[in-house]
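**Q** Residue-level listing of the chains:
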Amino acid sequence: MTKMRLVVIGNGMAGIRTLEELCKLAPDLYDITVFGAEPYPNYNRILLSPVLAGEQTVDEIILNPLQWYQEHHITLHLGVAVTRIDRVRRVVIAENGLQTPYDRLLIATGSTPFILPIPGHTLPGVISYRDIRDTEQMIAAAKRYTHAVVIGGGLLGLEAANGLKLRGMQVTVVHLAGWLLERQLDPVAAGLLQQSLESRGLHFRLSCQTRALLPNERQDRVAQVLLDDGTSLDAELVVMAAGIRPNTALAESAGLACQRGILVSDTLQSYDPRIYAVGECANHRGVAYGLVAPLFEQAKVCANHLARMGIGRYTGSVTSTKLKVTGIDLFSAGSFMGGEGTDEITLSDPSGGVYKKLVIKDDQLVGACLYGDTADGTWYFKLLREGRSVGALRDTLMFGESNVGDVGHEGHDKAMRMADSDEVCGCNGISKGQIVQAITEQGLFTLEEVRKCTKASGSCGSCTGLVEQILMNTLGSDYSETPAKKALCGCTDHTHEEVRQMIRKHHLLSQHDVRQFMEWRTLNGCASCRPALNYYLTSTWPHEAKDDPQSRLINERAHANIQKNGTYSVVPRMWGGITNPAELRRIADVAEKFHVPTLKITGGQRIDLLGINKQDLPAVWKALDMPSGHAYGKSLRTVKTCVGSEHCRFGTQSSMRMGVALEQLLFGMYSPHKVKLAVSGCPRNCAEAGIKDVGVIGVDSGWEIYVAGNGGIKTEVAQFLCKVKTDQEVKEYTGAFLQLYREEGWYLERTVHYVDRVGVEHVRARVVADETGRAALFQRLLYALKDAPDPWKDETAAVDWRQFESVPLEPRPLEEQS
Amino acid sequence: MTGKPSTDWIHVLNLEDVPVLGARVVEGAAIGSVAVFRTEDDQVFALRDHCPHRGGPLSQGLVFGHRVSCPLHGWQIDLESGKAQAPDVGCARKLSLQLEGNQIFLYKPQLDGNVP
Ligand code: SRM
Ligand SMILES: Cc1cc2nc3c(=O)[nH]c(=O)nc-3n(C[C@H](O)[C@H](O)[C@H](O)COP(=O)(O)OP(=O)(O)OC[C@H]3O[C@@H](n4cnc5c(N)ncnc54)[C@H](O)[C@@H]3O)c2cc1C
Ligand code: SF4
Ligand code: FES
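Going down the list, the protein sequences come from chains A and B.
Residues in the first sequence are numbered consecutively from 996, following this note's numbering.
Residues in the second sequence are numbered consecutively from 9, following this note's numbering.
Pulled out of the complex, with its shape left as it was, chain B reads as follows (with noise of 0.2 Å):
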């Protein structure tokens, strides 16, 4: 991205805070938790902390590729598109993320449940 984020997007992590193949959770959004996950290839993608299944905690699964399976039943989301694998079938909700430099921010107006 180029150009400085305007003020809706607000800084939450930095890429060193996130482990590789891993995630952290951002608390405290009005639309619930946030999963940030970061890829081996250093891309951050950011979910709803909220499996489609049984609203497993997807930060805590174990990432691959672009893709985390879930702690609880093991459903495999896709971090691009939230989507589960086939068979399985749902979404968990995508989030937008902007990595500026090593910062990484999150939309507010989305956190705020004001934007899908």
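If we strip away everything but chain A, and leave its shape as in the complex, we get (with noise of 0.2 Å):
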């Protein structure tokens, strides 16, 4: 069977990223060509600043060479641009001639330069700023001449007038808007901006119109520009940096409908379905990006249908933007402007040079402008994108991640400041210098190809911040560009939320149903989906949707820890962390007649019997009569308790006796991820009910609780939630929130996080101030763990018992047949 025939217009930043997300899904399934009208293969646009001022060469920002183009068959026309596309034919026509006939055709022609149409705009020394050619004559220019205007002070205007001070010209700055970046900045942090800019020797016209380019006496090059209020600067470079517009111009005349860009569906598709078009020169939803993070969402879900998966849409990108000024940082996201019906909370330190304004409208944040100190930019983006309610940070926001106790490693939290050798990734071992090193080398753009690349923040997660501070501060836009929708996993495009509420709303009972009616990419889904559909199932329809062993990560399929060497630790339940000698003395003869190698008091009051081998366990678990302490589970783990009221002298309430009640009602309670209690007798807390997904403490009156402290990667207080009087209002809150977290929460999201995402308002409103709400969220908890089983003793718990028999290499007996 012949191939499709792929056809690309334009060999840049959207077009080849397209084509590589192609070749990871189907790289069979065209004969891809592709015309590009620069000369160089794929190349780093972005980087085009970093080259001017530099601080790097035209070799280093190669992002595919054409070694690439060989090695993945794709027919490279260089330096060869189409001139017309023949839609009844469906053939692309180059202006060398060349015919390439097309079942599929991609349009990345991105933009060109909006020319001011003013006298002059022709004369040699009058450029634009958009790719390697220009590029090199600013170099070349700054070496013979020494008067440049830049036209526009916008981002790429400021770039390109940094690179040509750098190179040793004078350079002034013509701006129509009162302030530099105005669609970046607010006045006040303008103003600091231009005072650094100043600082380097920079000038600024602003408020300011250009009339005329003038000539030199020669008439062979420009030589002024000519200003509105009659005024002249000398210049013997003009660089127009004035604006882009998508370049439409050959789809326009192949009948394609255009408005400020190629039209284009959420799947990319523009009017006429076999062509598609994305980057600078595609219109999604009145919006025609100019950066690089949103080009790049849209590469993914074109690839996706270009491969005929058909699924994935592209519903728009929320932008952040950053100077690319060695030195100088900004940063800015949302609407900065605030306006009507926001609030604005601003710090500003002007000799100190720092500046900072958050717009905040109900309860979100929704802008962001940063001048000076922009380590916390990456953190508010993602706020803002994830539109997560900011209520109860409201007081420390303005003071950045690490003093909401939002980071990983204490003093690190700054990328800027680390040095090469520091280490980044504490799980991995990676180094800020390793991580640097893979984006500079492996042209990598996203948190998930570092994670690929280097696993850095690949493992328990806690340095994510950090190396998406790193890869901003490489690349200088937000390129982590984690969508505001996050994918569950490689598997399928939609998120944890639309995942769960499918399985509610049209009842899906297996996993089979879940990825089907969902359309996974994957047959059975992979490590990380199968432990989350099994949960969201099991949850979402308990006792109708069966349990699936396979779909546990090993721990939960043979209810034992796995230990390095691949044998097994066992932890029985010790409820309360109450023991008695008869307990003690089984707990002793395991010990022995197993040859458990080590005994240890866990972290969570009680014993952990380490180093026991698969096949021994049923028979570890029968001779210790004791429940399963689910020390493996996403799952109810311990309940800790001080001693309480019974003797302590300072105990107002039965600490123990509480907690043993809580622990035997949650018995069996699986949960998105694990969940631990403490049960404090009196408010000096000897059981650290504070660190706890649910603390309890006693108090003269009664009980206080608190939810959704953590005491791990990030020790995170407890919130307060409410006070009540009886053992019963413990159980009830307790279960309520619980099983809230339970329907809410997504897979392997602590108390913690779910409380961080949904907002302790939500929680509060949904458990405290709502009776009937959480009655009945109390009553599902109940009716979930009805007849919960242990699966260390009961028949009914879904355990493959062939696991712990272990098959002898003995021949079975050949079956005798010729």
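Hint data in this document are derived by calculation from the structure and do not stem from the laboratory.
Think of the CB as a built atom: it goes at the ideal place given N, C-alpha and C, for glycine as much as any other residue.
Errors might be hidden in some of the hints.
[As the list claims (entries may be wrong)] The calculated SDA-like cross-link candidates involving lysine to any residue, where the alpha carbons are at most 20 Å apart (straight line), are:
| hint | chain 1 | residue 1 | chain 2 | residue 2 |
| --- | --- | --- | --- | --- |
| 1 | A | Lys1447 | B | Pro60 |
| 2 | A | Lys1019 | B | Gly40 |
| 3 | A | Lys1447 | B | Ala92 |
| 4 | B | Lys91 | B | Asn110 |
| 5 | A | Lys1559 | B | Asp120 |
| 6 | A | Lys1726 | A | Trp1741 |
| 7 | A | Lys1559 | B | Gly40 |
| 8 | B | Lys116 | A | Pro1803 |
| 9 | A | Lys1559 | B | Glu88 |
| 10 | A | Lys1781 | A | Ala1656 |
[Unchecked claim] Between beta-carbon pairs, the in silico distance windows are:
| hint | chain 1 | residue 1 | chain 2 | residue 2 | range |
| --- | --- | --- | --- | --- | --- |
| 11 | B | Glu24 | A | His1502 | 48 to 58 Å |
| 12 | A | Met999 | B | Gly40 | 45 to 55 Å |
| 13 | A | Glu1436 | B | Gln93 | 44 to 54 Å |
| 14 | A | Leu1061 | B | Asp50 | 51 to 61 Å |
| 15 | B | Glu88 | A | Leu1061 | 25 to 35 Å |
| 16 | A | Pro1022 | B | Pro95 | 40 to 50 Å |
| 17 | B | Asp50 | A | Arg1389 | 53 to 63 Å |
| 18 | B | Asp50 | A | Ala1792 | 25 to 35 Å |
| 19 | A | Thr1710 | B | Glu88 | 28 to 38 Å |
| 20 | B | Ala94 | A | Ala1252 | 38 to 48 Å |
| 21 | A | Thr1310 | B | Pro95 | 25 to 35 Å |
If you follow the hints, you should be able to join the two separate chains into one complex; please do so.
**A** Laid out in structure tokens, this is it:
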């Protein structure tokens, strides 16, 4: 069978990114031909600014060398522009006459710089700033001439001006608006920026229009820029950076609907369904993006449809900006100008060169504008994209991530200040230098790519913020591009939330149904989505959806914790940390009988038998005759207690009784992640209830309940939920909170992260304020936990017992057959 | 496969002994434990039960597609070749296996370490 033919017009960032994605998904589907008007293989256009500034070379910014095209059997026509698309015959015609037929066509022609149509605009020495050729012309001009004028004080103009200045020219920026970067900064921040650039020797003419460009005496090059106010500036080089226009001439001449860009649908298809468009030349829902991150999101969706997977929609992007001028830190995102219905929080320290403005609307961060100290830019951007409720953070929001305890490694919260040798990822031992190297040498743009390539932030994830900062500092803009919508895993584009909703709405009862209904890309999922789906199904439809042991990771499948040498540990449950001589004796006997190498008191007030062979597990469980401690599960772990009023001279409440009651109530509860409780008998809080998923503290008049604490990777103090009087109330409020978490939490999201995401107000509203709602939540929990089996004992638990039998290597009798 | 396996092939398990999307461990071979995997399409694969990363027991991993994810640190091992998926580099020893009807055979000389 002959392959389908895909032709790509435009060898730039969006077009080739789409091909990269396509080659990952369906490497053999198409015969691919690429036309590129520029004589270079695909390069990183945004790094032209460091090239101009003399910080990088052209060779260093090549993303895909010619060899890449060969390896992927892509026919590449370099330096050849396409001049016509014949949609009837389905061929593209290039300027050299070459005719190439297509079955699918991808237009990725980018933008053309806007050249002000003023007198003199065609003079030699007047250029735009778009490609390698422009950059080389600027570098050459800087060697010969002295005066440059940049028209346009936007990102591109300022980067051009900075580069030319560094190359020794005298540079003036002429800008129409009243302040620099008016689309990225408010006037205050722009003022600080201007000061800082002036101190580097740049000159500015703001609120100023250019009337004409005047030639030199020999009439062979530009010599002066004449301004509206009658003054003029010397200029042997004029760089027009007054904006860009989607490059749609070709598409328009082919009769495709265009309107400030080629009009495309959510699948990136133009009005001719065989023709796709991505990148700056496309207009999606009224927006033609001019930054790389959104283009990459488009590329992903487009590739998916080209690969005939037919899933995934592009629904637009939120973008952020950063100026790539070394030594100047500014960041802005969202509606940073504020306006009706918004609140602004500002911090201004002009002499220190720091200015921050956060714009808040309805409890959500909707805009940020930072100057001078942008270390928290990525964090604000994340809050903004996720639309997380920031009500509870409001008081400390301005002081950044490190002040809300949201960082990973103490002391290392500022990526910029780190030395190359500093360790970023403690789990995998990856240093900042290694990450920077991987980003620059392998052309990485996203967090996912850095994870894949270096493993940094791929394990416990606590350094994710740092890695994002390093990406941003290395590349200039926000490439972390974690879209507002984050897919559950590589098998699907759907989010955790969407999957949960579909399972509920359509009463889906098996993984197979979910994968089919939601168009999974893989037959039976992967190690990330299978455990998640299994949890979502069984928690949404208890007693209906069947637990699937093969979709549980080893600990939950074997009901014990695997150790580094392949043996297992066994932690029997000791209700509330309380034991008795008979139990202790049995544990001792088991330890002797099975030669348990290590007996240890855990941090959860119980005893761990470590180093047991898998085949012995069932016998060990039987001999212990104690309930499973679920020390291996995304489930109820321990309820830690202090001695309380029975013995303690300060005790006001019976914490042991309360603790045991809670642990028995919640026995066998599976949840998005593990759940730990503690009950203390008085506010001295010897059970450390302040860092538990649910912490209960006895006071004279009753109990205080705290939720969403965490003592693990990032220590987080639990938040006060409410105060109640009776034991029964403690059970009901605790149960209702945990059921809410079970229903709304995403798989592997601890309570602290769940509450962070939905806001503690939401939890209070559902669990404290709404009495009927609370009772209903509690009832649903009780229903789910009804007859919860003990996997160590009960037949009804879904345990595949074959796993504990080893198969000896003895020839079985061969059934004689001829 | 057609024809009866020679005596060099040892019958270790029947297909139904291995859980779908799961594995069983065959013990006692000179080269160490052997993991026998079964995929959803009822194909069976054998690998030495030893992850190229730090020796994790692959038999205890989660099987999906034609891959297993190691139980210790999640390296993904291709069942057909034993190779780790990029960016990880390494290879678990792939062992010959024959499925005759529902009977699973392993190759004795290989288990003894006499052939690679
Ligand atoms: C046995 C124990 C250490 C000990 O000897 O004391 C332990 C052992 C493990 N912990 Fe822990 N944790 C133990 C108490 C804790 C505590 C303290 C506590 O529970 O009071 C914490 C901090 C409290 C908390 O969770 O908020 C703790 C925070 C973690 C974390 C980080 C969780 C987080 O959200 O930040 C992990 C990693 C994870 O779960 O993803 C972890 C993971 C693990 C695992 C299960 C790693 C694994 O997946 O194999 C360890 C198993 C070791 C092994 O070889 O068997 N362990 N772990 C403790 C068992 C308590 C029990 O009786 O069940
Ligand atoms: C100096 C500079 C700095 C930048 N800095 C940043 C930044 O910090 N952050 C950020 O996010 N973005 C930045 N950008 C913007 C970013 O580079 C663009 O958004 C991105 O390159 C657009 O990708 P694209 O594929 O749509 O277009 P392009 O990368 O421009 O690719 C289009 C290609 O198509 C070719 N072409 C056009 N017509 C034809 C034809 N008829 N036949 C054949 N080939 C054709 C063009 O020659 C070009 O090579 C910067 C841009 C510049 C110029
Ligand atoms: S802190 Fe927990 S996960 Fe880390 S080594 Fe100790 S027991 Fe293992
Ligand atoms: S031992 Fe297999 S991933 Fe580490």
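**Q** For every hint, state whether the structure bears it out.
**A** Status of the hints after comparison with the structure:
1. A/Lys1447 <-> B/Pro60: holds, 18 Å
2. A/Lys1019 <-> B/Gly40: This hinted pair is violated, its Cα atoms lying about 36 Å apart.
3. A/Lys1447 <-> B/Ala92: holds, 13 Å
4. B/Lys91 <-> B/Asn110: violated, 27 Å
5. A/Lys1559 <-> B/Asp120: Judged against 20 Å, a Cα distance of about 26 Å means the pair is violated.
6. A/Lys1726 <-> A/Trp1741: violated, 23 Å
7. A/Lys1559 <-> B/Gly40: Cα-Cα ~17 Å, so holds.
8. B/Lys116 <-> A/Pro1803: Since the Cα atoms of B/Lys116 and A/Pro1803 sit roughly 13 Å apart, the hinted pair holds (cutoff 20 Å).
9. A/Lys1559 <-> B/Glu88: violated, 25 Å
10. A/Lys1781 <-> A/Ala1656: Between A/Lys1781 and A/Ala1656 the Cα gap is close to 16 Å, so the pair holds against 20 Å.
11. B/Glu24 <-> A/His1502: 48 to 58 Å: With Cβ atoms ~32 Å apart, the hint is violated.
12. A/Met999 <-> B/Gly40: 45 to 55 Å: holds, 48 Å
13. A/Glu1436 <-> B/Gln93: 44 to 54 Å: Violated: the Cβ-Cβ distance is about 21 Å, outside 44 to 54 Å.
14. A/Leu1061 <-> B/Asp50: 51 to 61 Å: violated, 45 Å
15. B/Glu88 <-> A/Leu1061: 25 to 35 Å: holds, 32 Å
16. A/Pro1022 <-> B/Pro95: 40 to 50 Å: Cβ of A/Pro1022 to Cβ of B/Pro95: about 19 Å, so the range 40 to 50 Å is violated.
17. B/Asp50 <-> A/Arg1389: 53 to 63 Å: holds, 57 Å
18. B/Asp50 <-> A/Ala1792: 25 to 35 Å: This hint holds: roughly 26 Å between Cβ atoms.
19. A/Thr1710 <-> B/Glu88: 28 to 38 Å: Roughly 45 Å apart at Cβ, these two residues miss the hinted range, so it is violated.
20. B/Ala94 <-> A/Ala1252: 38 to 48 Å: holds, 42 Å
21. A/Thr1310 <-> B/Pro95: 25 to 35 Å: With Cβ atoms ~31 Å apart, the hint holds.
Of the numbered hints listed earlier, those contradicted by the structure are 2, 4, 5, 6, 9, 11, 13, 14, 16, 19.
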